[in-house]
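Asks: So the protein lines, in turn, are chains A and B.
Quick note: the first sequence uses this note's numbering, first residue 131, plus one each step.
Quick note: the second sequence uses this note's numbering, first residue 2, plus one each step.
Any given hint could be a false lead.
[As the list claims (entries may be wrong)] Stretch-level coverage of chain A by chain B, calculated; a stretch enters the list once three of its residues show a Cβ under 8 Å from a Cβ in chain B:
{"no.": "1", "stretch": "171 to 183"}
{"no.": "2", "stretch": "250 to 264"}
[Claimed, not checked] Restricting the straight-line Cα-Cα distance to at most 27 Å, the calculated cross-link-like pairs of lysine-lysine (DSSO-like) are:
{"no.": "3", "chain 1": "A", "residue 1": "K174", "chain 2": "A", "residue 2": "K309"}
{"no.": "4", "chain 1": "A", "residue 1": "K233", "chain 2": "A", "residue 2": "K309"}
{"no.": "5", "chain 1": "B", "residue 1": "K130", "chain 2": "A", "residue 2": "K240"}
{"no.": "6", "chain 1": "A", "residue 1": "K233", "chain 2": "B", "residue 2": "K10"}
{"no.": "7", "chain 1": "A", "residue 1": "K387", "chain 2": "B", "residue 2": "K130"}
{"no.": "8", "chain 1": "B", "residue 1": "K130", "chain 2": "A", "residue 2": "K174"}
{"no.": "9", "chain 1": "A", "residue 1": "K145", "chain 2": "B", "residue 2": "K94"}
{"no.": "10", "chain 1": "B", "residue 1": "K10", "chain 2": "A", "residue 2": "K309"}
Everything labelled a hint here was simulated from the structure, so no lab data went into it.
Quick caveat, the model's predicted, so the values are computed rather than measured.
Just so it is clear, CB atoms sit at the ideal spot from N, CA and C, and this is done for glycine as well.
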Amino acid sequence: MKLPSRRFREFLIEKLIFLSGIASVVFVALIFLFLLREGISVLKTTSLGSFLGGQNWYPISSPPRLGILPLILGSLLVTAGAVAIAVPLGIAAAFYIAEVAPKRLRTILKSFVEVLSAIPSVVLGFLGITVLVPFLKNVLNLPTGLTAFSGSIMLAFMALPTIITISEDAINAVPREYKDGALALGATHWQTLHRVIIHGALPGIIAAAMLGVGRVFGETMAVMMVTGNAAVIPHSLFEPVRTLTATIAAEMGEAAKGSPHYFALFAVGIVLFVISFIINLTADFLLNRGRKR
Amino acid sequence: MNRETRRQKIGFGALLLATLLVVIPVIAIVALIVTEGWGALSWEFLFSMPRDGMRAGGIFPAIVGTVYLVFISLAFALPIGVMAAIYLSEYAKDNALTRLINLAIINLAGVSSVVFGLFGLSLFVVFLKFGVSIISGALTLGIMTLPVIITTTREALRAVPASYREVSFSLGASRWQTVRHAVLPRAVSGILTGAILSVGRVAGETAPILFTVAAFYLPNLPTGLSDQAMALPYHLYVITTQIPGIPEHFRYGTAFVLIGIVLIMNVIATVIRSKAARKR
Numbered sequence: 131m132k133l134p135s136r137r138f139r140e141f142l143i144e145k146l147i148f149l150s151g152i153a154s155v156v157f158v159a160l161i162f163l164f165l166l167r168e169g170i171s172v173l174k175t176t177s178l179g180s181f182l183g184g185q186n187w188y189p190i191s192s193p194p195r196l197g198i199l200p201l202i203l204g205s206l207l208v209t210a211g212a213v214a215i216a217v218p219l220g221i222a223a224a225f226y227i228a229e230v231a232p233k234r235l236r237t238i239l240k241s242f243v244e245v246l247s248a249i250p251s252v253v254l255g256f257l258g259i260t261v262l263v264p265f266l267k268n269v270l271n272l273p274t275g276l277t278a279f280s281g282s283i284m285l286a287f288m289a290l291p292t293i294i295t296i297s298e299d300a301i302n303a304v305p306r307e308y309k310d311g312a313l314a315l316g317a318t319h320w321q322t323l324h325r326v327i328i329h330g331a332l333p334g335i336i337a338a339a340m341l342g343v344g345r346v347f348g349e350t351m352a353v354m355m356v357t358g359n360a361a362v363i364p365h366s367l368f369e370p371v372r373t374l375t376a377t378i379a380a381e382m383g384e385a386a387k388g389s390p391h392y393f394a395l396f397a398v399g400i401v402l403f404v405i406s407f408i409i410n411l412t413a414d415f416l417l418n419r420g421r422k423r
Numbered sequence: 002m003n004r005e006t007r008r009q010k011i012g013f014g015a016l017l018l019a020t021l022l023v024v025i026p027v028i029a030i031v032a033l034i035v036t037e038g039w040g041a042l043s044w045e046f047l048f049s050m051p052r053d054g055m056r057a058g059g060i061f062p063a064i065v066g067t068v069y070l071v072f073i074s075l076a077f078a079l080p081i082g083v084m085a086a087i088y089l090s091e092y093a094k095d096n097a098l099t100r101l102i103n104l105a106i107i108n109l110a111g112v113s114s115v116v117f118g119l120f121g122l123s124l125f126v127v128f129l130k131f132g133v134s135i136i137s138g139a140l141t142l143g144i145m146t147l148p149v150i151i152t153t154t155r156e157a158l159r160a161v162p163a164s165y166r167e168v169s170f171s172l173g174a175s176r177w178q179t180v181r182h183a184v185l186p187r188a189v190s191g192i193l194t195g196a197i198l199s200v201g202r203v204a205g206e207t208a209p210i211l212f213t214v215a216a217f218y219l220p221n222l223p224t225g226l227s228d229q230a231m232a233l234p235y236h237l238y239v240i241t242t243q244i245p246g247i248p249e250h251f252r253y254g255t256a257f258v259l260i261g262i263v264l265i266m267n268v269i270a271t272v273i274r275s276k277a278a279r280k281r
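Based on the sequences and whatever the hints tell you, model everything.
Replies: Below, the structure is given as structure tokens:
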């Protein structure tokens, strides 16, 4: 009479496996719901338009002014700077690692990229403050080194591992015949690279760049430590800025629970969540399209 | 040398230059922290309480706090993550639900770490009334690390050849028996890799613990899951930006311990992975 009990145990285990399977969906839904639960109350204090488009972020003045436009622009500026550095560098490095480097060097280079991706962001932020910020202040002769530009450099390094590994996968996934065909027609390896392989790998490379953007946009600690945190509309890369993420991290500790400030920070979280959602869905779509072809 | 080979030389040279611009800073970062941090290491630094407003003494409570967070978050995330991977690899059909799960995993991996912090604050700290505590922080970190565990475990399960399953089925084994006895034992190293990588990740994260567990300064060890705790990454943040007059070598020392834990975890994971690959 052991059989039914075994069946029952299997039934339980398989139910548990199914529940774990859908846990990720549940957690994503929970994240959204709980951000919304707190964040929606910001609309009691301000309208959606003046929240997203307002030019002043003075959350503890009375009445509080909760416009996050300076924060959005701060995030966009830092991200744009980081992308301008990391995307060309990352794609070039991916091509070198995937196509040019000899096998042993390739393994070594890849392990360096892994080390970079493992370095905690607070450690990069610490080095940013102690080394990079004073260096940039002196070299560029700025009043302060705590600028959007410093943030862009830090974030470029945090995005590089993502961009390199995903681009490299895309390059390796280009069918071997494309390369062989081009070489057989007498093209040099370089011509094959930049005329043939890059086309096959393009959707994956774009996806890699997008995921890099996602990583940069959501990064918190390093960027908070080196950008100077001035919540004003930025006019150049060489001024202090304040990003969406840094605002939450820096201010949540002192925002009174249930205050307009507290709700506004959750609403900033919703903005971040929605943006990363869009970026990830698009990148995933591109990756799948690349794979299907 | 003709024009095309010269172009190739220049092109490859540019690619090499870009690669060096990525690699050299990595070497510089690690070398700087190791050389500057090494001097700060001492028995007292590692195993004593901070004193004098954290300007003297050690970082022991921060190390202990991070160890607590790592193990509790893993105890929560590892079973769920492994079972989720089993579901996706062994049970799930190619249907809308599976696509939804995959999208959720991708999004979970892409959500900003500070948003996880907000989520942990509103769900665990406030709604479930766990308060600012180790359990709130560990659960937040656990959810954040799920995608790492799921994707590495799933890869490991998929690498087990289909013939193992076919033989097991043909002997009359049920699906669960097949998974338990034919598939899982061959995926252990992959699962271990995922677990270890997530340990490194959990140990280094700051933003998710800011509002869920982290104590600025707490000169005693946590006694239970509902206590606040110090943690290494937050401690590094605090002594770097919040308190003036901390001796420089204290900061480098803390960064060294943190980066040491994270990199050792990565090395162990790499060794296990390459050993498993050689066996195959």
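Asks: Of all the hints given earlier, name the ones this structure violates by number, lowest first.
Replies: Of the numbered hints, 1, 3, 5 do not hold.
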